[in-house]
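**Student:** Each chain is listed here by its residues.
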Amino acid sequence: MTEYAKPIKRRKIKGDAAWGYAFIAVALLVFAMFTLYPVISALIISFQKYKPIGSEFVGFENYTETFKDKLFWKAIVNTIVYTVLTVPVSLLLSFAVSIMILPLKKKMQTVFKAVYYLPAVASGVALSLVWLWIFDPMPVGIFNKVTSFFGLGTHNWLGSSAYAMFSLVLMAWLSSHGTSIIIYLAALLGIDGSYYEAAELDGASFMQKLWYIVVPCLKPTTLFLLVTGVIGSFQVFQNAYLMTGGGPDNATTMVGLLIFNNAFKYFEFGKAAAQSLVLAAIIAVISFIQFKFLGKDVEY
Amino acid sequence: MSLYNPHAGRPQIRIARNTVLIVILLAFALATLFPIYYMIISSFGEPVEAGAMDYKLVPSSFSLESYKFFFEFSEYTYRWLLNSLIVATTVMVTNVLFASMAGYAFSKIKFKGRAAIFSLLLIAMMIPYQVTQVPLYILIVNIFEIQNTYTALILPGLVTVYNIFLAKQFMGSIPNEILECAKIEGCNQFQIYFRIILPLSKTVLAVMAILTFMDNWNTFFWPFLVTNSMDMQTIQVGLKNFRFANTTYFAPMMAGATISALPMFILFFSLQKYFLEGVTVGAVKG
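In order, the protein sequences belong to chains A and B. Using our numbering, the letters of the first sequence correspond one by one to residues 996 to 1295. Using our numbering, the letters of the second sequence correspond one by one to residues 4 to 289.
Extracted from the complex, chain A is given alone in its bound form (with noise of 0.2 Å):
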């Protein structure tokens, strides 16, 4: 009996695999084609004075060059300024956010999360064009009114060395937080009730169970939002690209738009790939350092 068995068996995996590779096999060409041989293409090009016929290699020059780039520090310590600037002050607003949404009703909750969402539907080109205008340095500028109604004058924000990041930054603030709010109202939603009856029995606080059971029991998602958070802080293009262009003098240059302009702008390839090779190192050691010190107890 199992000796006839077995042969009918392993004919029906062998055909169940070759579904298996069918299903798989436009997918894995696209990746293949599009990711996969870009990034092997983007370590041989780091090597080369890249030239679209005869390429010559030049072993670690794009290397050595981009780390005595002053301008490539500059960059990254832009980037860094932007990132600790508006993460952070993301993930604290959307927790509070979705605090203050936790005790109202369904619907409500419902309203806030859309309203929260909606500025993420709008192109980032089409929020740059307000923002811009926002922004305009002349007095009767929105920005400038607000700032001389309190005060503190008018500047022009996207234009001086001095307010040009600060500018970025509290664009970043006030855009769409929504992604993290119903992210953390999901995972505060699924936190059981018995710890808080718990907690209440033991005559705990909203302050005290909010610090001893929310926090402790969000700390996966806020490490989640964490980590994506950062990972696309730093490679944020876009907004300087589109407002300041990088300027002035180059205090709004992050590492995302170096490397765009050193590739599309100078056409210096091999320059462009191994800075690019070098942020991804630098993205992948951050992730690695938040993932050993942030998530030491925290179980996937």
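Only true hints are included.
No farther apart than 30 Å at their CA atoms in a straight line, the calculated lysine-lysine pairs in the DSBU-like style are these:
1. B:205 / A:1101
2. A:1140 / B:243
3. B:243 / A:1260
4. A:1204 / A:1287
5. B:205 / A:1100
In short, the hints are calculated from the structure, not lab data.
Once you have looked at the hints, place chain B on chain A.
**Tutor:** Below, chain B alone, put in the same frame as chain A:
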């Protein structure tokens, strides 16, 4: 039994507390919605140069002249919208098709190398796009020589790893028994995929379709790199061109921005549920 004191005996305290919370939430919502409000009301202003006007927070006149100005900027303005629609729709359809097929294979069909291939995909997801942008540009422009075509706009986004991951996560939760039954009834894998998996995954595929469409409608970077004539540009690239060609025309710029965002607003208000659901399906189980 909850974070907040339910104030069971005194509902007026609960109502007062919730009112305070709603006021704070509304204030913050107004701040984040302000750019959109401002964009829309300003788009109805007259198309005059910025020096001659004052910014108003409340519309004082209603005129569609600025929309006319935007559409008359280039003979290809309608074409930009059409191009965006063509690219976003095509990429949406191919993503739903190929990601659902791959997601099914990765979650339910056993084949050699499945785990290894899937891990490779996941690792690749962490590589920043800056790494692939230069070789991808060389591939499309110098090797395939297809810049400025729909193919160039569509091909690299045909199916994304993120969508495969999304499909695999969801389909993994479909009970195996159903698939076993279908197999015994004589269904082959394609029939199982088409008649069982697809209908059961309707919601997650709808979410995927909407988010993919939105991403591709809003994307600026890739179309900006591979198009070089007005007639092949998408609305986002066209909007950027308009801005650099008419730096002082405030109201028409806002009209253009509104036009680029309007289809997404309409989509959002009609399919809100899927948008909001889409946020959580991709995130970790907290």
